[in-house]
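Protein chains in written order, with this note's numbering: chain A, -1 to 157; chain B, -1 to 157; chain C, -1 to 157.
Hints in this document: simulated from the structure, not taken from any laboratory. Mixed in with the good hints, there may be bad ones.
[Said to hold, decoys possible] DMTMM-like, lysine to aspartate or glutamate: derived pairs with alpha carbons at most 25 Å apart:
(1) B/129 x A/95
(2) C/1 x B/130
(3) C/1 x A/29
(4) B/1 x A/28
(5) A/1 x B/130
(6) C/78 x A/72
(7) C/129 x B/96
(8) C/129 x B/95
(9) B/78 x C/46
(10) B/78 x C/130
(11) A/73 x B/123
(12) A/78 x B/130
(13) A/129 x C/103
(14) A/78 x B/46
(15) A/94 x B/123
(16) C/1 x B/149
(17) B/129 x A/96
(18) C/91 x A/130
(19) C/1 x A/147
(20) B/94 x C/123
(21) B/91 x C/130
(22) B/1 x C/150
(23) B/90 x C/123
(24) B/114 x C/130
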Amino acid sequence: MSKKTIIVFSGEYDRLMAAFIIANGAAAMDDEVTMFFTFWGLSALRKDGKPAAVEKKTSTLQKMFGGMLPKNAEKMPLSKFNFAGAGRGMMKKVMKDENVMTVAELIETAQEQGIKMIACTMSMDVLGIAKEELIDGIEYAGVATYLGEADESNVNLFI
Amino acid sequence: MSKKTIIVFSGEYDRLMAAFIIANGAAAMDDEVTMFFTFWGLSALRKDGKPAAVEKKTSTLQKMFGGMLPKNAEKMPLSKFNFAGAGRGMMKKVMKDENVMTVAELIETAQEQGIKMIACTMSMDVLGIAKEELIDGIEYAGVATYLGEADESNVNLFI
Amino acid sequence: MSKKTIIVFSGEYDRLMAAFIIANGAAAMDDEVTMFFTFWGLSALRKDGKPAAVEKKTSTLQKMFGGMLPKNAEKMPLSKFNFAGAGRGMMKKVMKDENVMTVAELIETAQEQGIKMIACTMSMDVLGIAKEELIDGIEYAGVATYLGEADESNVNLFI
Chain A
-1 MSKKTIIVFS GEYDRLMAAF IIANGAAAMD DEVTMFFTFW GLSALRKDGK
49 PAAVEKKTST LQKMFGGMLP KNAEKMPLSK FNFAGAGRGM MKKVMKDENV
99 MTVAELIETA QEQGIKMIAC TMSMDVLGIA KEELIDGIEY AGVATYLGEA
149 DESNVNLFI
Chain B
-1 MSKKTIIVFS GEYDRLMAAF IIANGAAAMD DEVTMFFTFW GLSALRKDGK
49 PAAVEKKTST LQKMFGGMLP KNAEKMPLSK FNFAGAGRGM MKKVMKDENV
99 MTVAELIETA QEQGIKMIAC TMSMDVLGIA KEELIDGIEY AGVATYLGEA
149 DESNVNLFI
Chain C
-1 MSKKTIIVFS GEYDRLMAAF IIANGAAAMD DEVTMFFTFW GLSALRKDGK
49 PAAVEKKTST LQKMFGGMLP KNAEKMPLSK FNFAGAGRGM MKKVMKDENV
99 MTVAELIETA QEQGIKMIAC TMSMDVLGIA KEELIDGIEY AGVATYLGEA
149 DESNVNLFI
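Next comes chain A alone, as it looks inside the complex (with noise of 0.2 Å):
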């Protein structure tokens, strides 16, 4: 047993699927892992839908990259061949024909695997995205304290 730490900077579907599939791959070997989300790979970590009552007090500026990012894991692009999400519905059609894990269903197995999913708080107060907009279980950190996980563990991939 040993620790793996993984940066998920991406927000695009392909590159989640990998990093989740690297990191359920691990926890499945009694790995003890850390993701740690960051910039567009917050959108991984987004409810479905708005929260009822949010009190947020972000600028416009805020609220325009908020809004930007997409709604939840299943809405990410890919990073090739998307042609506006086509790519992506053929992805995941080819997948379930596949037997192959969708992100949203990677997410619930890390979670039920027992997987520190932590979310940048930085990155969070630049891109606008309040704590309420985000899935429950997770936790709130900053860099000191992935550097921390990073050093007691054997393998640390940035995604």
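Since the structure of chain A is provided, determine the placement of chains B and C on it from the hints.
Chains B and C in isolation, oriented as in the chain A frame:
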């Protein structure tokens, strides 16, 4: 002597160059190097042209994905300034003048140096790529194999 | 105290921010940090404006590549939602309001903290970038130097 792993997720010419230059450099210093090709990175391993007779059970959707991928490493776009291949052409011209190896040459060197190249079987299923389409001398495995190698390595990169 | 390395391959404003925030965070915790700038990441090290008199032997092709790169770190695009610079402008506005440092400030802090910044000489050749175009206080080396540093480090990232 130590071990290194590189996950090659990206299919862009410049990122492929970076991956193979690091891998070949480490192998030249007597390190044991494993490269794990997943998603778009699999295009680097494609044979030139189509195999004579491939019995594939792939669906139309997989054929579409497979068909969109570059035919081999030398056909891959740059991640920036590609201009429908003109940028890559320019970069390759400069590389030749500066005696920098092309990706095709880097792959050949990697094989000569005994670098272990593994194609991710799950990505092959999703993208509809058959073994017959990939170059000889590579291995086929999944995330558990990658994690086993990474656990024994002191440098693990995701490119 | 331990060592860390970061390969900075990407030239996008947001990825640069991530790289320098991690590097500066580690340096603040007394880690010894080496950043290795290669390909598009070299734009982060460019001086503002053109040097007075550079005797370059670069070809027209290299001039084209060099000319296409942003003039310095603050001119780099976002990896997403850049909108010809408008996205970066918005993000920088929010960053100022939230007291988040710009990349130019992060680079300055990195130098003050004694972070070792290495420009990849092979990439400089391919992209036609001369030493005179890059900021002072950096080192010049190739992949072997990177690998030597990585071997002594407990966290190695590729950004």
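Evaluated hints:
no.: 1; hint: B/129 x A/95; result: 19 Å, holds
no.: 2; hint: C/1 x B/130; result: 43 Å, violated
no.: 3; hint: C/1 x A/29; result: 23 Å, holds
no.: 4; hint: B/1 x A/28; result: 22 Å, holds
no.: 5; hint: A/1 x B/130; result: 37 Å, violated
no.: 6; hint: C/78 x A/72; result: 18 Å, holds
no.: 7; hint: C/129 x B/96; result: 17 Å, holds
no.: 8; hint: C/129 x B/95; result: 19 Å, holds
no.: 9; hint: B/78 x C/46; result: 21 Å, holds
no.: 10; hint: B/78 x C/130; result: 24 Å, holds
no.: 11; hint: A/73 x B/123; result: 22 Å, holds
no.: 12; hint: A/78 x B/130; result: 24 Å, holds
no.: 13; hint: A/129 x C/103; result: 28 Å, violated
no.: 14; hint: A/78 x B/46; result: 22 Å, holds
no.: 15; hint: A/94 x B/123; result: 11 Å, holds
no.: 16; hint: C/1 x B/149; result: 19 Å, holds
no.: 17; hint: B/129 x A/96; result: 17 Å, holds
no.: 18; hint: C/91 x A/130; result: 24 Å, holds
no.: 19; hint: C/1 x A/147; result: 15 Å, holds
no.: 20; hint: B/94 x C/123; result: 11 Å, holds
no.: 21; hint: B/91 x C/130; result: 24 Å, holds
no.: 22; hint: B/1 x C/150; result: 13 Å, holds
no.: 23; hint: B/90 x C/123; result: 12 Å, holds
no.: 24; hint: B/114 x C/130; result: 40 Å, violated
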